[in-house]
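> Given only the sequences and the hints, what does the whole structure look like? Please build it.
So you can see what is in the structure, the chains are spelled out below.
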Amino acid sequence: MTFNDILLMRHELLLTAVMLLVLIVDLFATGNNRKLIIPLALVMFLIITVVGFLPAQYGKLFGGMYETSGTTILMKNVLNIAVFIIFLQSVAWLKLEENKQKLAEYFVLILSTLIGMNLMISSGDFLMLYIGLETATIPLAALAAYTHHQTKSAEAGIKLILSSALSSGIMLYGISMVYGTTGSVSFTEVALNWANAPLQMLAFLFFFAGMAFKISLVPFHLWTADVYEGAPVNVTSYLSVVSKGSAAFVLMLVLFRVFPSIVDHWQKVLYAIAVLTMTIGNLFALRQQNLKRFLAFSSIAQAGFILLGIIGASSLGMTTVIFFVLAYVFTNLAAFGVLSAISAATGKENMADYNGLYQTNPRLSLLLMLAMFSLAGIPPVAGFFGKFFLFTSAASKGFYWLVFIAVVNATISLYYYLLPVKAMFINKNENPIPSFRSDFYTKAGLLLAAAGTLAIGMLSIGYEYIASFSFGLQ
Amino acid sequence: MTNYSYTLLIPLIPLTIFLLTGLSGHRFKPIYSGLAGTMGLTMAAFLSYITAIRYFFIDGPVNGMYPQIKAISTVWLRFTDTLHIDMGILIDPISVMMLVVVTTVSLMAHIYSLGYMKGERGFARFYSFLSLFSFSMLGLVLATNIFQMYIFWELVGVSSFLLIGFYYEKPSAVAASKKAFIVTRFADLGFLIGILMLSFTTDTFDFISLTSSTGPAIASSAGTAFMGLSVISWALILIFIGGAGKSAMFPLHIWLPDAMEGPTPVSALIHAATMVVAGVYLVARLFPAYALTAPDALHVVAWVGGFSSLFAAVIALTQIDIKRVLAFSTMSQIGYMMMALGVSGYGDHEGLGYMASMFHLFTHAMFKALLFLGAGSIIHAVHSNNMTDMGGLRKYLPITHITFLIACLTIAGIPPLSGFWSKDEILAAALHHNPVLFAIGFGVAGLTAFYMFRLYYNIFWGHDRHYHHTPHESPLVMTIPLMFLALAAIFSGFLPFSHMVTSDLKPFEAHTDLAVAIPSVLIALAGIGVATVMYRKPNTLPDRLASSIKVLYTASLRKFWIDEIYQFVTKKILFAGVSRPIAWFDRHVIDATMNLVGWVVVTTSSKIKGFQSGQVQQYAAVFISSVILLVLVFVYLFSN
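Each protein sequence line maps, in turn, to chains A and B.
Add 8 to the 1-based position in the first sequence for the numbering used here, that's all there is to it.
Add 5 to the 1-based position in the second sequence for the numbering used here, that's all there is to it.
Do not rely on the hints blindly, as some may be mistaken.
Facing chain A, a subset of chain B residues (Cβ under 10 Å, in silico) [what the hints assert, rightly or not]:
#1 Phe84
#2 Thr87
#3 Leu579
#4 Gln617
#5 Gly619
#6 Phe639
Calculated lysine-lysine pairs in the DSSO-like style (CA-CA distance at most 30 Å, straight line) [what the hints assert, rightly or not]:
#7 B:Lys612 - A:Lys276
#8 B:Lys612 - A:Lys356
#9 A:Lys160 - A:Lys356
#10 B:Lys612 - A:Lys160
#11 A:Lys430 - B:Lys555
Rough simulated footprint, nothing fancy, chain B against chain A, three-plus residues with beta-carbon under 8 Å [claimed, not checked]:
#12 270 to 281
#13 461 to 473
Hints are computed from structural coordinates only; laboratory data are not their basis.
Note that this is a predicted model, so its numbers are computed, not measured.
Quick reminder that beta carbons are idealized off the backbone N, C-alpha and C, glycines included.
The structure is reproduced here in structure tokens:
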């Protein structure tokens, strides 16, 4: 193994380096010096985000267990951008007295899950995939329970770890059956030896259920709302954007690479799951009062839309999925950014608290409105283009009914996405959330998210860039 | 080949200034917004002139043909691998010519407004809107494809709406801006359908491939027919409807006279020189497609243009409001341009009409902007739009007077002023094609000379009126644009247009046809003569004439009751006959259905909330049973 081979793992290695650096600095930091970890981690992470975009070599490592390509690097870069914005938005919350002592943990835990996700994306066999999955999941439970003195946060952690233990079990069971019937766990060999045996079908479904759990597709979504509600806002935004996005990427990659021979079968599964997910997600989102819970169900419904891009199994579909996730990153982080800023300043997280917000915090209100419009898919913001492209890709493969159902669901979703807007702009409130000033990091995070929401739809460069790395079955 | 990518700056400068002054204009003194806008436009104009000089004179034709250069092009929205909307910049003879027209007139309007709008509330807003308009219009003329043009077309419509309604406290201005927006928007529906039909048949939006003689548009023109015309012809006719709406062609012209509610520099810029000729530009852009595949559509263009020009000229004879006279004159002259396009053939000398149309567009922009800015200067002096409140102003407004006279002579077609040359080519092309259209054009030339000099004499000659205070000449910042445009109006006729802007991009020799030129000058002189007799000195002749042909006079004064017809059709027929039943249906059937859907959704939502119990053991149970259910369904579906 040469130095150049090791460089193939550039993303993972850099993340590990930053993680270790933060850990070591934390060991020696005392008292107020701890605060310096924040700019250190941010700058380091910004650097590796930028480095991630530099041209890289593609190839395989460890006998094909690990591989990189333009597509995987692109996906990792999307995740990096999201994590950078989340870091910026977390600063105000991390500086609170109660979190000061353990702020390094936050960075370390997030970075370690991110390494897991990168490994999942780059995995060339099921074993690596599973290792990545666990690396990504277990620290997440710790993150959800970050403010463990709060019952809800602790509850979120325990629920997440219990549920994912179950889903990992099922998935591992599926993988063991894959190995049992094909004699290999490598993606290429499994695809070659696939014989459509009944046991293999079972294996596929078990594996799929495990991934569906991560993306929180209905009916494997039940953990989502409780965990999202209980976890700190920034962890929730990480769960809903990065964790979900990476799992969607992995599901797409595995379906395209390992299961092309049963494409007719998994298209039917995805069809049913997509309809269920969009509809159920919407029905539950309608009645949520807690904004984190509200966004949890909204993110379930959005995950249903993602399946529209995967189902066509085309290169266009892959482009649209990656683009949608990117648009969703900016949009959802704009929404969560506002939530996080308000939560850090006042601790309020309910829709009713937002009544009359426009009077006191017009900029935050406008930003949240922008995010809601984008989630609902109103042109010309990013969310509109994301949905439009997904629908195009599904329609181009003839899934007209699915697109129709998706359009109906998008229409229904408009109702609840406008509820927060109504609360902020129309509803009267005797004592609304007082106006407050945010620090530099929060502002930068919000600005990045807003700029992305506005720009990536209008500027086509991003879409064309993604399209150049996409591949499909046909 | 020369690199023209710097032309991207030409639209981007006004955009930047719009964003700057629009977002933070209120933080500075208003005058800074005005100066910023003017400076930005100066830069844009400078770059446009450089581009024009390089394109026409330094680079010139390559192999006897002007190249069509895509200076910049990027895919903006991809529908399929072949069909995508691009954003880019197309450099070719007409776009370069329009660059010069738009930036010149816009710059003049910017400078002029520094004086004209001085002290107005909303001065900064006015300038930011002007920048927005300049950006949109430049984007429109530089568009590489029809969809990009459509996007900017709508942006131009929006900025026109904003500027017509600039005095938003005046109900008439608000009504006029709404009217302009709705009428043109209505016409744009035709444009959009046309674009969709065209792109569906040809699988491209791109102008170069749509107009290339080997391109898909021309190849598929022989395709399916509907009511005797090919799909391409229908598409092009629908696209022309969009152009007719923007260019105020009969019967979609009703918004233009009302649009004069906007500030006068806006009328000069948008409603005389640039936006209203967008329709002509659109047809010219697609001209090879019209000429080679859809001669029927071209006939429609010719007749609509010819009729509009006559119709508007007749109305202009009797109007009292000087801006409305000019508005109808604009409509009439644009009709001329449309007619010239309609009678033109493709290639070489056959394309005389095309060349003449573009030539007239250029000269008209200069002298009509001059007329409007002159009218603004007059209105500035006497605080009224009506010629009954004016008279004898030549003593008080010497510069305005001379420049206005030059413009009147130009539009009347007196040699060697620019209007003569371009109008002469149009008439020659019409004569070559169709004697009836030539007769219309010829008659309009006489009418034009008459009503312009009626206007001129009524304003500058005759009795002094009882002015509240002595009228005085406008400040230099307003008269300099007048003088500049007067020079342009005099000399722009000497540009060798047939060597620059032609239907097939190849230069050709155009000659002045004396058999057309002499009669057209004579009829112009006749028109001026009649106007001199009737209006030079106050007399009773006009009144006697008006009462002897009372019906015609009233019809013209009331603009042939077209507005009233629209009112009748919309209010009495559409609203009562169609909208009411639809409204009932909407309220009782559609709303009820929607309420039902809402009720179902909310009820289901509350019924199923039990699933979300918060019990993690229940979640696990659901998880396992879902997997089992999935397996069962799978077994059932694929058991064979």
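> With reference to the structure, classify each hint as holding or not holding.
Evaluation of the provided hints:
no., hint, result
1, Phe84, "7 Å, holds"
2, Thr87, "13 Å, violated"
3, Leu579, "29 Å, violated"
4, Gln617, "6 Å, holds"
5, Gly619, "6 Å, holds"
6, Phe639, "6 Å, holds"
7, B:Lys612 - A:Lys276, "28 Å, holds"
8, B:Lys612 - A:Lys356, "28 Å, holds"
9, A:Lys160 - A:Lys356, "15 Å, holds"
10, B:Lys612 - A:Lys160, "25 Å, holds"
11, A:Lys430 - B:Lys555, "60 Å, violated"
12, 270 to 281, "holds (count 4)"
13, 461 to 473, "holds (count 4)"
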